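Student: As given, the protein sequences belong to chains Z and E, one line each in that order.
So the first sequence is numbered by my numbering: it starts at 2 and just counts up by one.
So the second sequence is numbered by my numbering: it starts at 422 and just counts up by one.
None of these hints come from the bench; they were simulated from the model.
Keep in mind that this is a model prediction, so the values were computed, not measured.
Don't take every hint at face value.
[To be verified] Covered stretches of chain Z, as calculated for chain E (at least 3 residues, CB under 8 angstroms):
hint, region
1, 10-23
2, 34-44
3, 89-96
From the three backbone atoms N, C-alpha and C, an ideal C-beta is built for every residue, glycine too.
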Amino acid sequence: MNAIAPHVAETDRLRLAPGVMLRNDRRRDQWMLMGPERLLVLDEMALAIVRACVGPEIADVAAGIDRLTVEYDAPRTEVAADVLEMLTDLRNKGYVVT
Amino acid sequence: MSCALPAFAAASNAEPAPPFAVLMELTHRCPLRCPYCSNPVALDPASAELDTATWKRVLDEAADVGALQVHFSGGEPCVRKDLEELVAHATEVGLYSNLITSAVLLDQPRLERLQKAGLQHVQISLQDAESAGADRVGGFKGGHAKKLEVARAVVRQGLALTINAVLHRHNIDRVNDVIDLAMDLGAGRIEIANVQYYGWALANRAALMPSRDQLLAMDAAVRARLPELAGRIVVDYVVPDYYARRPKSCMGGWARRFMNVTPRGRVLPCHAAETIPGMQFETVHDRSLSDIWRDGPAFTRYRGTDWMPEPCQSCDRKEEDWGGCRCQALALAGSADATDPVCELSPAHADVAVLRDRDAAALGTDWTYRGA
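The shape of chain Z in the complex, shown without the other chains (with noise of 0.2 angstroms):
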């Protein structure tokens, strides 16, 4: 079996696991990733990371990173300390795979 990171890196192209989605509730007015029998409800931030970073037309993590960095005009190193917490969360809950 194949070793695994403790976290995620930037150099890492992350896309959703099997049977997971990105799903609108219009009932709940809330965004959220729904898996096998569970589901995620994601705020603002955490929307705004899982799309510019999750997915197979993104070129790995740090690209998303540096779309975010433009977008809250935040220094860099903050946004991908914070970024690269909730990403590995994310993999370590199974909604994201590398």
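Place chain E on chain Z using the hints.
Tutor: Just chain E now, with coordinates in the frame of chain Z:
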């Protein structure tokens, strides 16, 4: 059932937040005969099962009440020839479909049809890490090998796979092998499901209860592996009730997240609720799921915290564990209104240890297979 979900905020006391999911027990029929089956001891016969049109209406109502997911369960849901049609209908009304199955009736062509209908996730139960033990528990020769074959097909097709590993006296020592097997199969998630003693399992408790030493060894093995497993497989692990000090948040709280529809169409707050005497259950023929969810007598009976006795009422965890499990309170303390005796604050907690130790020592007890 374990569940790591946020609870949706309720709009008001009169209008409960919508359920997360509806569990549809399409049938009680099953080719396996596991002695810990969570189905009731009195099984619904095939002749009593809801027909396709009614299940479709129930799916419409599940979407209307605000559920986001449907769990097609049983018994073995694949005995229903209309499963593809029901999955397609769930997809049409915007529900996310999970299939909870023994897998022994599945094959690749049917999996492909189900995926085409919109199925997202397949949960396959394993009875053990190896064939001899697994087939003995399931009472179905060749079942284990078939499950592995289907599990690989599920992953190959790009569907999400969960392995549900049910642990008890006879296989708990192989927990590491089961985890290895789930990873080898490519499962995204494993439920390490220590037997919960309801239904057939309650009747077979003396044949299934692991010893304290077994429990401690399993618990240490799982906890030691969790860091290594992070990011590779999601582990849902709950300490077995009879060895716990605080109760589980059963169903995420009574009538807070789930509705359960039985094969004959009874609407329950949990699959074991029919064991509670004096409850009034409505059926899908009586009222809509929305009406039943809002103010059905079985749903309002233990929803929230008003019903709670002490020590729950003044407990700062009362909105975390919601008083534990009503069916377990009934089975162990003699009343569904009581604090779940699994809680060490319950006056009946000491009795749980006595029962547990008595049953754990009853080695050599034969189980009774689940009926057909």
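Student: Decide, hint by hint, whether the structure agrees.
Tutor: Verification of the supplied hints:
Judged by the Cβ-Cβ criterion of 8 angstroms, the region 10-23 of chain Z is covered by chain E as claimed, because 5 of its residues qualify and three suffice. Evaluation of the coverage hint for the region 34-44 of chain Z: fulfilled, as 8 residues show C-beta separations to chain E shorter than 8 angstroms, against a requirement of three. A stretch counts as covered by a chain when three or more of its residues have a beta carbon under 8 angstroms from one of that chain; for the region 89-96 of chain Z and chain E the count is 5, and the coverage holds.
In this structure, every one of the numbered hints holds.
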